[in-house]
Amino acid sequence: MSQWLLLGVNSVSLGGLLFLLSAGFSLIFGLMRIPNLTHGSFFMLGAYFGVTLLQLGWNFWLAALVAAVGIAAVGGVIERLLLRRLAGQELAQVLVTLGLSFMIADLCLMVWGGDPIPFDAPPGLRGALPIASIVFPTYRLVVVVIAVVIAAALWLLLERTRLGAMIRAGVDDEAMARVTGIRVSRIFTIVFCLGAAVAGFAGVIGGPILSVYPGLDGDMLPLALIVVILGGTGSLLGALLGSLIIGFLYNYGQVLFPELAYIILFLPMLLILLFRPQGLFGRHVP
Amino acid sequence: MADDALSLAGIDAFYGDSHVLQGVSLSLAEGHVLGLLGRNGAGKTTCMNVAVGLLPPRAGRVSLFGEKVSGRPPEAIAMRGLALVPQGRRIFRSLSVRENLTVAARKPVAGARHPWTLDAVFAAFPRLAERQRQTAGYLSGGEQQMLAIGRALMSNPRVLLMDEPSEGLAPQIVAEVMSTIRRLKEQGLSILLVEQNVKLVFDLADDIVILNSGRVVVSNTAGELRAGRIDLHQHLGVF
Ligand SMILES: Nc1ncnc2c1ncn2[C@@H]1O[C@H](COP(=O)(O)OP(=O)(O)OP(=O)(O)O)[C@@H](O)[C@H]1O
Ligand SMILES: [Mg+2]
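Heads up: the protein sequence lines correspond to chains X and C, in order.
Read in order, the letters of the first sequence correspond to residues 1 to 286 in this note's numbering.
Read in order, the letters of the second sequence correspond to residues 287 to 525 in this note's numbering.
Excised from the complex, chain X in its bound form (with noise of 0.2 Å):
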């Protein structure tokens, strides 16, 4: 009994990274409609920026909000310098993308090597927390927490403020928008910037958990799209959900029908694309 909630508690923090991954990666579909498949690369490389601070002995939260601050500028570089200039062209974006976590899963096989870093939780987080007879590990919960923290502000942060609202009359129609005054260019940089600072920071938080190796960008990948696949693009919704019902068949798939892992985390995939294509919540503009 005790085994199966304890597998409930690692699929909903699992959940809980996969939407810091497909947070960002939704919303720069969504939104911007580029299909950014360096994201797990940012993950990765928060991952790596994280765990380096921590071998400095940096503070754990502080390494990954600095972490988070790089990735921000690393993709801040990228939109402007490269995908600015592919606007439109979907298929040179996926391949200039494709290329680029190639290029930097490279250049963290060099700078980190190829064999895993394991990083703990923060002092204090590492044990566990007893509640009604069951001991819950206390880092995967703290790990949840941050998640719902880190929804809900992304949730005001585009429904609730006068940058959101600008966000989405960008989306809307973008050329009315610019001629409103919007700085439509500045906005979508913001947003790229921003999904690319969650998916560094979800890299360190994942940390203690997924550890960080060569490869783990090619893992998560594929992960985020198919919770936006699910969800539907540009819904924070619709990425939340995709990411528990990802992280539960991924948990108790493994434990269940091991051998049929793939299956299960595909199958629900090609469904919706064949019966539901936006998706659980994609974006509805009346």
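Treat each hint with caution, since some may be false.
[Said to hold, decoys possible] A partial selection of chain X residues facing chain C, derived with a Cβ cut-off under 8 Å:
| hint | residue |
| --- | --- |
| 1 | Asp-115 |
| 2 | Arg-162 |
| 3 | Ala-169 |
| 4 | Met-176 |
| 5 | Val-179 |
| 6 | Arg-183 |
[Claimed, not checked] Cβ-Cβ distance ranges computed for the label pairs, FRET-style:
| hint | chain 1 | residue 1 | chain 2 | residue 2 | range |
| --- | --- | --- | --- | --- | --- |
| 7 | C | Val-503 | X | Ala-87 | 50 to 60 Å |
| 8 | C | Asp-489 | X | Leu-273 | 51 to 61 Å |
| 9 | C | Ala-362 | X | Pro-258 | 55 to 65 Å |
| 10 | C | Gly-357 | X | Gly-76 | 20 to 30 Å |
| 11 | C | Glu-353 | X | Arg-186 | 42 to 52 Å |
| 12 | X | Ala-153 | C | Tyr-424 | 26 to 36 Å |
[Claimed, not checked] Here are some chain X residues pointing at chain C (derived, C-beta under 10 Å):
| hint | residue |
| --- | --- |
| 13 | Ala-165 |
| 14 | Ala-177 |
| 15 | Ile-182 |
| 16 | Val-184 |
| 17 | Arg-186 |
| 18 | Ile-190 |
| 19 | Gly-218 |
| 20 | Pro-258 |
| 21 | Glu-259 |
In short, the hints are calculated from the structure, not lab data.
Since the structure is predicted, the reported quantities are computational estimates derived from the model, not experimental observations.
Quick reminder that beta carbons are idealized off the backbone N, C-alpha and C, glycines included.
Chain X is already provided as a structure; the job is to place chain C with the ligands on it using the hints.
Chain C with the ligands only, in chain X's frame:
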């Protein structure tokens, strides 16, 4: 002589290979309403697109109060005081009514006589105030037109472009839109008004320009044209 509020001088504009505006020149005097007429496809909307910076002209110059703005991006031209109520209204459909207005808000230039704020727009269009939390895509056509006008005013423009504001609206709403334009004119706003409805334009405009196949064929004061020495039907088709 003071600079015109808005002037297009010798504009050549293309969509791909098609030469849509051929040496178009027109000027809107400060505080005036300039009516821009022409058949379907004459190039009226294209003039608007050139003025706001969406379609950079291949030759010619657009100036706002004497300052050259052609070649600048749309958002920069908007900052200099040009606002558009576009054909088809083009409100931000997924935003609320209130958000449509707030995203457009800009500080008025120093000395503006009638600074537009959210409250001022709501006072001018009470129906928008009632529906401020609604998603704009669900408004009626007339309400969307009010919202498009309100959105343009929120930027506290010095020059307002209006592209067929009466299109597809019930007569009663058209009358309301027209009285709004008259009020804006009384407040000293310079307005370039594109209309199919010739009578409306002659009611409001000080000056008239008629386009035909991308060229200016008539440019005169409304008074001279009312006096009837020019055959409008020849240029505008049947009305
Ligand atoms: N985006 C575009 N691409 C190519 N051609 C266009 C485009 N927009 C307009 N045109 C063409 O340019 C010409 C002028 O169009 P424009 O929209 O300026 O006319 P208009 O005077 O505003 O007409 P209407 O009264 O129907 O709004 C037309 O022949 C039209 O078919
Ligand atoms: Mg038109």
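We went through each hint and held it up to the structure:
Below 8 Å, beta-carbon pairs count as interface contacts, and Asp-115(X) has none with chain C, the closest being about 48 Å; its hint is therefore violated. With a cut of 8 Å, the hint placing Arg-162(X) at the interface with chain C holds, because the nearest CB-to-CB distance is about 6 Å. A distance limit of 8 Å between C-beta atoms decides the matter here; for Ala-169(X) the minimum to chain C is near 4 Å, and the interface restraint holds. Contact between Met-176(X) and chain C, as hinted, is supported at the beta carbon level, the nearest pair being about 5 Å apart and thus within 8 Å.
About 5 Å separates the beta-carbon of Val-179(X) from the nearest beta-carbon of chain C, less than 8 Å, and the hint is met. The criterion of a C-beta within 8 Å of any C-beta in chain C is met by Arg-183(X), whose closest approach is roughly 5 Å, and the hint holds. Evaluation of the 50 to 60 Å hint for Val-503(C) and Ala-87(X) yields a failure: the beta carbon distance comes to about 38 Å. Range check, Asp-489(C) to Leu-273(X): Cβ separation about 56 Å, and the 51 to 61 Å hint holds.
Taking 55 to 65 Å as the suggested C-beta distance range, the pair Ala-362(C) and Pro-258(X) conforms, at roughly 59 Å. Roughly 27 Å separates the CB atoms of Gly-357(C) and Gly-76(X), a value that falls within the hinted 20 to 30 Å. Checked against the given bound of 42 to 52 Å, the beta carbons of Glu-353(C) and Arg-186(X), roughly 23 Å apart, lie outside it. A hinted range of 26 to 36 Å holds for the C-beta pair Ala-153(X) and Tyr-424(C), which are about 28 Å apart.
Checking Ala-165(X) against chain C: minimum C-beta separation of about 4 Å stays under 10 Å; hint holds. Checking Ala-177(X) against chain C by beta carbon gives a least distance of about 7 Å; that is within 10 Å, so the hint holds. The beta carbon of Ile-182(X) is positioned within 10 Å of a beta carbon in chain C (closest approach about 6 Å), and the interface hint is therefore held. For the restraint placing Val-184(X) at the interface with chain C, the shortest Cβ-Cβ distance is roughly 7 Å, inside the 10 Å limit, so the hint holds.
For Arg-186(X), the suggested interface contact is upheld, since its CB lies about 9 Å from the closest CB of chain C, less than 10 Å. Interface hint status for Ile-190(X): violated, as the beta-carbon distance to the closest one in chain C is roughly 15 Å, over 10 Å. Restraint check, Gly-218(X) versus chain C: the minimum CB separation of about 35 Å is more than 10 Å; hint violated. Hint status for Pro-258(X) relative to chain C: violated, with the closest Cβ pair at about 43 Å, above 10 Å.
Contact between Glu-259(X) and chain C, as hinted, is not supported at the beta carbon level, the nearest pair being about 44 Å apart and thus beyond 10 Å.
Comparing the model with each numbered hint stated earlier shows that hints 1, 7, 11, 18, 19, 20 and 21 do not hold.
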